[in-house]
Structure formats: structure tokens, C-alpha cells
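Asks: Spelled out, the chains give:
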Amino acid sequence: GAVVSQHPSRVICKSGTSVKIECRSLDFQATTMFWYRQFPKKSLMLMATSNEGSKATYEQGVEKDKFLINHASLTLSTLTVTSAHPEDSSFYICSARDLRGDYEQYFGPGTRLTVT
Amino acid sequence: AQSVAQPEDQVNVAEGNPLTVKCTYSVSGNPYLFWYVQYPNRGLQFLLKYITGDNLVKGSYGFEAEFNKSQTSFHLKKPSALVSDSALYFCAVRDQGGDMRFGAGTRLTVKP
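As you go down the protein sequences, you meet chains R and D in turn. Positions 44 to 159 (this note's numbering) are the ones given, in order, by the first sequence. Positions 306 to 417 (this note's numbering) are the ones given, in order, by the second sequence.
Pulled out of the complex, with its shape left as it was, chain R reads as follows (with noise of 0.2 angstroms):
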């Protein structure tokens, strides 16, 4: 099955600064990505949707200048989390949807970002 790779798995950074997870689509091409953000013991939280080559579309709530997403390539999209706060916190998952218009979604492992 089509696979979609986050990088890094964790990441421990200090207040103020920035940090950027990556998110692939190993073998397949998605013109839409997905960030959701997902708290301890809940549901996953759409964040923004990324289309290549175009800017993200962010959910309402969500500053689209903090959490800054690029989709550069049909394989690739990155969230950018700037001048991250404890609050940030959490567990970032990507997803993937097929290019070939598979209706699934294909979800990356997810990164665990911690905040000091």
C-alpha cells in the first residue's frame, strides 16, 4: 500500500524557536496533503489542507502564521511551527491523499513535538 513518511519521529525544542516536520509521500504522488494535530486521548484535529503549489487552506482557530505549510512538491509538504511555545506541544500527524483519486487517506506516523 502507499506509504507517507514524517520526519522527525520526535523533536524536543526550546520556547521561542522554530521547528519544521516533514511529511512524504513515498511512492505516490498527492496533490493534497492534510496536518492534523491530536492531543493526548483525542480525536485528530484538522489543522490545514496544503495543495501543491498553492497556498494551505487553514481551519478556523488555527494561525496559518504560526504553523507555516508548504507543499513545493507533489511528494512533499512541510509544517513549520515558529516560535513554538509549551502550548504547542502535541502530536502532528500528516496524511496524503492519492493523486489517482483513491478516496483513502494515507496517514504519515506522526511526530512528537515537546516544547521545553
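Calculated directly from the structure, the hints in this document are not laboratory data. A hint or two may mislead.
[To be verified] Each computed DSS-like pair below joins lysine-lysine, with the alpha-carbon atoms no more than 25 angstroms apart:
no.	chain 1	residue 1	chain 2	residue 2
1	D	K416	D	K363
2	R	K107	R	K57
3	D	K416	R	K85
4	D	K327	R	K85
5	R	K63	R	K109
6	R	K107	R	K63
7	D	K382	D	K363
8	R	K98	D	K354
9	R	K84	D	K382
10	D	K354	D	K382
11	D	K416	R	K84
12	R	K84	D	K374
13	R	K85	R	K107
14	D	K354	D	K374
15	R	K85	R	K109
16	D	K416	R	K57
17	R	K57	R	K109
18	R	K84	D	K327
19	D	K327	D	K382
20	D	K374	D	K327
21	D	K416	D	K327
22	D	K327	D	K363
23	R	K98	R	K84
24	R	K63	R	K98
[What the hints assert, rightly or not] Cβ pair distances, simulated, as ranges:
no.	chain 1	residue 1	chain 2	residue 2	range
25	R	D108	D	S389	40 to 48 angstroms
26	R	D70	D	R412	28 to 36 angstroms
27	R	V46	D	N360	24 to 32 angstroms
Note that the structure is a prediction, hence the values are computed from the model and not measured. Cβ coordinates follow ideal geometry from the N, Cα and C atoms, glycine included.
Model the placement of chain D on the given structure of chain R, informed by the hints.
Replies: Frame of chain R, contents of chain D only:
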């Protein structure tokens, strides 16, 4: 907008017994329905989906789900639970071309 509800936060079953994890949905038009499983500190693993066709969908690891249009439900089932099935299960719904929305999740615990 589409939405999905998982009415149970927690489901406990004994190993070998059948299990059911409930899901109801709301969507305009024809629904695309999914079940995913998540193990601790891991991403989501796809179990099964309903797009069209037979209402009974069979998926990975012996799981199945039945699409019931009149009850707007898509309950996940397995005839005989394993301890290794213990995990967090998410139901998701999408309308055609739309974003996927997840339920709150149900924690399944299978006891030996």
C-alpha cells in the same frame, strides 16, 4: 458539513468474545466512511472503508463494518477479539471531494 460520532469513549471485551465499536455519521450526499486504528505514539492504520456496493465491508485483521443508511451508522465489528486488538479506533467520514472528519475515538480494551 460532514460529522461523525462515536458514542462510546471506552469499550471493554473479553478475549474471544465478539466486539462492536459504534459509529454514526452525518453527511450531505453519499458518504465515504472509514475506520482507522491507532496504537500508542503511532499514526493511523487503515482498517477498512465503504464507498459503494455491498453494505458489509471486510477489512484488515478480521475486522468488518456494516453500512446502514437508514440508521446512518457504520459500526465496526469482529467476531472474536484478541488482546492485540486493544487500541484506539477512529471512525471517519468524507463527502465527495471533501475533507475527512474524525470521530472522537473509542478506546478498545480486550482482556485475557
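Asks: Against this structure, judge whether each hint is valid.
Replies: Hint by hint, here is what the structure shows:
{"no.": "1", "hint": "D/K416 / D/K363", "verdict": "holds, 24 angstroms"}
{"no.": "2", "hint": "R/K107 / R/K57", "verdict": "holds, 21 angstroms"}
{"no.": "3", "hint": "D/K416 / R/K85", "verdict": "holds, 22 angstroms"}
{"no.": "4", "hint": "D/K327 / R/K85", "verdict": "holds, 17 angstroms"}
{"no.": "5", "hint": "R/K63 / R/K109", "verdict": "holds, 12 angstroms"}
{"no.": "6", "hint": "R/K107 / R/K63", "verdict": "holds, 14 angstroms"}
{"no.": "7", "hint": "D/K382 / D/K363", "verdict": "holds, 10 angstroms"}
{"no.": "8", "hint": "R/K98 / D/K354", "verdict": "violated, 30 angstroms"}
{"no.": "9", "hint": "R/K84 / D/K382", "verdict": "holds, 22 angstroms"}
{"no.": "10", "hint": "D/K354 / D/K382", "verdict": "holds, 13 angstroms"}
{"no.": "11", "hint": "D/K416 / R/K84", "verdict": "holds, 20 angstroms"}
{"no.": "12", "hint": "R/K84 / D/K374", "verdict": "violated, 30 angstroms"}
{"no.": "13", "hint": "R/K85 / R/K107", "verdict": "holds, 22 angstroms"}
{"no.": "14", "hint": "D/K354 / D/K374", "verdict": "holds, 15 angstroms"}
{"no.": "15", "hint": "R/K85 / R/K109", "verdict": "holds, 22 angstroms"}
{"no.": "16", "hint": "D/K416 / R/K57", "verdict": "violated, 41 angstroms"}
{"no.": "17", "hint": "R/K57 / R/K109", "verdict": "holds, 15 angstroms"}
{"no.": "18", "hint": "R/K84 / D/K327", "verdict": "holds, 18 angstroms"}
{"no.": "19", "hint": "D/K327 / D/K382", "verdict": "holds, 9 angstroms"}
{"no.": "20", "hint": "D/K374 / D/K327", "verdict": "holds, 14 angstroms"}
{"no.": "21", "hint": "D/K416 / D/K327", "verdict": "holds, 19 angstroms"}
{"no.": "22", "hint": "D/K327 / D/K363", "verdict": "holds, 16 angstroms"}
{"no.": "23", "hint": "R/K98 / R/K84", "verdict": "violated, 31 angstroms"}
{"no.": "24", "hint": "R/K63 / R/K98", "verdict": "holds, 17 angstroms"}
{"no.": "25", "hint": "R/D108 / D/S389: 40 to 48 angstroms", "verdict": "holds, 43 angstroms"}
{"no.": "26", "hint": "R/D70 / D/R412: 28 to 36 angstroms", "verdict": "holds, 32 angstroms"}
{"no.": "27", "hint": "R/V46 / D/N360: 24 to 32 angstroms", "verdict": "holds, 30 angstroms"}
Violated hints for the displayed structure, listed by number in ascending order: 8, 12, 16 and 23.
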